[in-house]
Amino acid sequence: MRRGVWHQCGNRSQKLVEEQLLLGAGVGVILSPRDLSRDGAIAYAKRYRTAGADVLIDQQFFVPDFTNAQCGTYPISKFRTSVSALNKISDQDLIDFQNELRIDHVAFKASAMIAPAVVYEAGRADIVQLNSRLFNAAKAVASELSIPIYATVVLGKSVTSSDQTMQSTLSQATASNCDGWYFGFEFEEERIPSVRDTIRRCCAAGLTLACTGKPALHAYAGPMGLLSFGFGATGVGIGHSQNLWQFTRDRWAPPSGEGGGGHAPPRYFSKPLWGTIVYPDETTQLPLTLRNQIWSPSPFNTPVTSGLPWSRWDANKHLVYVLAQQYSLMAAETDPRKNAKAAIALLDGAVNLHAAIRQANVFLTDKTNVYQANWKLALEDLLSNNSADFDFLELLR
Amino acid sequence: MPYTVDLNTVIAMFPEYSFIGPLTPSEQKAAFHVKDKAGVDLCLKLIAPNYERDRLDREILALQAIDNAGVVKLVEYTFSSKPGSWRHYIVEEFIEGQDLQGSIIAGKPWLAKAVAGFFAKLCDGLTALRDKEIVHRDLKPANIRVRPDGSPAIIDFGLARHLALPDLTQTAAGADIGTPRYFAPEQFEGTKHDIDHRTDLFALGIIMYEALTGESPFFNAGMTTRAQLQQAVCHSRDHLIKTSFIQLDPRWCTLLSRLLEQERAKRPADAAQVANILRKLGGI
Numbered sequence: 017m018r019r020g021v022w023h024q025c026g027n028r029s030q031k032l033v034e035e036q037l038l039l040g041a042g043v044g045v046i047l048s049p050r051d052l053s054r055d056g057a058i059a060y061a062k063r064y065r066t067a068g069a070d071v072l073i074d075q076q077f078f079v080p081d082f083t084n085a086q087c088g089t090y091p092i093s094k095f096r097t098s099v100s101a102l103n104k105i106s107d108q109d110l111i112d113f114q115n116e117l118r119i120d121h122v123a124f125k126a127s128a129m130i131a132p133a134v135v136y137e138a139g140r141a142d143i144v145q146l147n148s149r150l151f152n153a154a155k156a157v158a159s160e161l162s163i164p165i166y167a168t169v170v171l172g173k174s175v176t177s178s179d180q181t182m183q184s185t186l187s188q189a190t191a192s193n194c195d196g197w198y199f200g201f202e203f204e205e206e207r208i209p210s211v212r213d214t215i216r217r218c219c220a221a222g223l224t225l226a227c228t229g230k231p232a233l234h235a236y237a238g239p240m241g242l243l244s245f246g247f248g249a250t251g252v253g254i255g256h257s258q259n260l261w262q263f264t265r266d267r268w269a270p271p272s273g274e275g276g277g278g279h280a281p282p283r284y285f286s287k288p289l290w291g292t293i294v295y296p297d298e299t300t301q302l303p304l305t306l307r308n309q310i311w312s313p314s315p316f317n318t319p320v321t322s323g324l325p326w327s328r329w330d331a332n333k334h335l336v337y338v339l340a341q342q343y344s345l346m347a348a349e350t351d352p353r354k355n356a357k358a359a360i361a362l363l364d365g366a367v368n369l370h371a372a373i374r375q376a377n378v379f380l381t382d383k384t385n386v387y388q389a390n391w392k393l394a395l396e397d398l399l400s401n402n403s404a405d406f407d408f409l410e411l412l413r
Numbered sequence: 002m003p004y005t006v007d008l009n010t011v012i013a014m015f016p017e018y019s020f021i022g023p024l025t026p027s028e029q030k031a032a033f034h035v036k037d038k039a040g041v042d043l044c045l046k047l048i049a050p051n052y053e054r055d056r057l058d059r060e061i062l063a064l065q066a067i068d069n070a071g072v073v074k075l076v077e078y079t080f081s082s083k084p085g086s087w088r089h090y091i092v093e094e095f096i097e098g099q100d101l102q103g104s105i106i107a108g109k110p111w112l113a114k115a116v117a118g119f120f121a122k123l124c125d126g127l128t129a130l131r132d133k134e135i136v137h138r139d140l141k142p143a144n145i146r147v148r149p150d151g152s153p154a155i156i157d158f159g160l161a162r163h164l165a166l167p168d169l170t171q172t173a174a175g176a177d178i179g180t181p182r183y184f185a186p187e188q189f190e191g192t193k194h195d196i197d198h199r200t201d202l203f204a205l206g207i208i209m210y211e212a213l214t215g216e217s218p219f220f221n222a223g224m225t226t227r228a229q230l231q232q233a234v235c236h237s238r239d240h241l242i243k244t245s246f247i248q249l250d251p252r253w254c255t256l257l258s259r260l261l262e263q264e265r266a267k268r269p270a271d272a273a274q275v276a277n278i279l280r281k282l283g284g285i
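Line by line, the protein sequences give chains A and B. Under the working numbering, the first residue of the first sequence carries the number 17, and numbering increases by one thereafter. Under the working numbering, the first residue of the second sequence carries the number 2, and numbering increases by one thereafter.
Honestly, the hints are just simulated from the structure, not real lab data. By construction, the Cβ of each residue, glycine as well, lies at the ideal position given by its N, Cα and C atoms.
Here's a subset of chain A near chain B, in silico, CB distances under 8 Å, partners left out:
1. Gln183
2. Thr190
3. Ala404
Computed spacing ranges between beta-carbons, pair by pair:
4. Ala123(A) <-> Leu24(B): 56 to 62 Å
5. Arg413(A) <-> Asp239(B): 28 to 34 Å
6. Asp250(B) <-> Asp364(A): 32 to 38 Å
7. Arg252(B) <-> Leu304(A): 53 to 59 Å
8. Arg252(B) <-> Thr350(A): 14 to 20 Å
9. Val76(B) <-> Glu349(A): 51 to 57 Å
10. Ala101(A) <-> Glu97(B): 54 to 60 Å
With these hints in hand, go ahead and build the complete structure from the sequences.
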């Protein structure tokens with residue numbers, strides 16, 4: 017697994033990803049059947065590889081009975097069914113499942129295989145067994161194709177809500193003899209997760225996976241990927257769409273309305289704020305000194321400094337670029353403690369800057385100032401409570 | 002109660018072998034040091050009539066699948082039942098030397114470099130088991146032979162579990178078999194689904210702790226009940242504050258505390274990872 021930024025393709029983001037790769041932002045791309053038909057995805061996979069990226073396919077069995085027109089173009093979609101039906105999958109059907117996995121991974125020239133898995137839930141031994149069965153089936157194919165196999169560990173809300181449940185679920189999920197981890201967390205409904213204990217718990221879970229000594233890709237990380245290299249992740253999955261900023265089942269819910277924010281103004285992602293601010297409605301309210309402090313350089317934000325109109329697509333590109341730049345810096349540092357401290361420093365600055373914005377009587381409509389302080393505290397908790405884990409990682413390096 | 006067979010009886014049963022002498026029997030097997038016609042030293046194990054066939058088949062399957070110096074080699078398995086003649090036995094490589102039990106002595110810790118070298122090789126054997134999805138479930142000094150060159154070999158797969166096959170244990174829980182002194186928490190309090198390769202790593206941690214500190218992390222002579230041992234293994238952290246432990250190089254403390262984590266997720270991922278660390282710590 018290449019260390020650094022992995023673009024997680026969402027709906028209508030394929031060209032954006034290619035543009036980022038050509039700018040040198042990112043080491044890999046994760047494609048998924050939900051967002052692009054199979055033929056289109058194969059064509060893009062080739063272009064991404066040409067741009068120097070590794071390609072993975074996330075078959076996304078998290079909500080296994082979800083399907084749409086794009087999913088239907090992948091032969092493996094015939095296995096998209098309920099958890100209870102998957103639990104009863106016969107050995108013969110599993111061979112068919114393996115064949116479809118094999119065909120897709122050959123066609124995409126994937127650099128590794130992400131084992132399909134459903135979301136882990138507390139007290140669901142059947143899901144543990146199902147995921148183990150799917151993993152073993154996928155591992156056999158990956159072994160035949162001589163590519164690494166990554167076990168998928170996406171922990172549902174019922175798991176991320178308590179330390180004990182988290183650890184016991186991880187004990188079961190980490191029994192797989194895999195070559196790496198593809199992991200994510202489901203949180204309570206929030207635009208960006210902000211509960212200190214939950215964040216700390218998820219960081220600790222990521223650290224546990226890193227302590228296996230196997231590469232670990234934090235999927236659906238988005239801006240939260242700032243924390244990932246601080247708990248030992250190898251890769252971070254990012255995308256512009258908010259349904260890629262955390263693992264959320266909404267991504268697989270039937271669409272309601274227009275989606276994508278309608279005609280809302282663009283959001284400007286500011287590295288110093290580590291969050292977004294509405295452009296130009298909120299940015300123009302800031303005193304000039306603060307306005308100067310929030311700018312983050314990118315090839316896509318030229319109009320912003322002049323107050324000119326700015327497209328939402330450029331705002332999306334800007335966001336991905338700024339995240340990728342920051343994460344690439346952190347990926348170059350292999351000591352997780354140093355990365356955690358760097359993230360804490362950045363978040364500390366963001367908290368102070370948000371305080372200054374409030375003092376200037378500017379109130380951000382998206383509540384994008386509610387999580388930075390808790391992320392910082394969660395990382396500080398991690399550094400002090402999990403020092404033995406960091407010591408063990410040090411022993412592995 | 003060990004299964005024993007009179008030496009004269011067994012000599013009459015196996016004229017093809019020269020008998021050197023009896024070896025320590027287990028509950029399921031009577032064992033003898035023999036030589037074949039070519040003069041090769043072997044270990045002949047006669048299977049007790051009441052031993053579960055399915056479990057023995059598993060043991061044979063496990064041994065057949067592995068070819069590693071850290072694991073005893075299976076030479077032959079025979080089960081024949083004819084009128085007036087009944088033979089059920091396995092022949093294994095005979096490992097000169099002694100059990101590790103004789104070298105793990107209370108109050109006599111090993112040098113760290115010796116621990117690193119010996120246990121790195123032991124981990125190679127455990128890695129071979131992991132590769133075949135086999136959990137030994139009864140790793141203890143008595144089940145580790147020390148070859149004349151000082152390298153280890155894991156023996157006695159009577160309780161081994163093949164994770165890819167259905168479990169044979171009939172009890173409801175099914176985790177509680179093996180030797181309590183080297184039990185992992187999941188063997189005391191878990192179900193059979195909680196047993197995996199990291200169960201053996203916990204036992205490895207206990208043995209390594211004993212070798213490095215000269216004392217057991219959990220067991221002490223004052224313990225009179227199994228419940229006391231269970232409490233120590235499953236809930237106590239006292240082994241991390243024993244004087245003999247905290248005097249170790251911090252890297253050894255990190256490794257041992259990790260091997261003895263109560264949650265499997267917190268233990269090293271596998272024996273190969275432990276072997277790598279041990280080689281960094283001076284093991285060959």
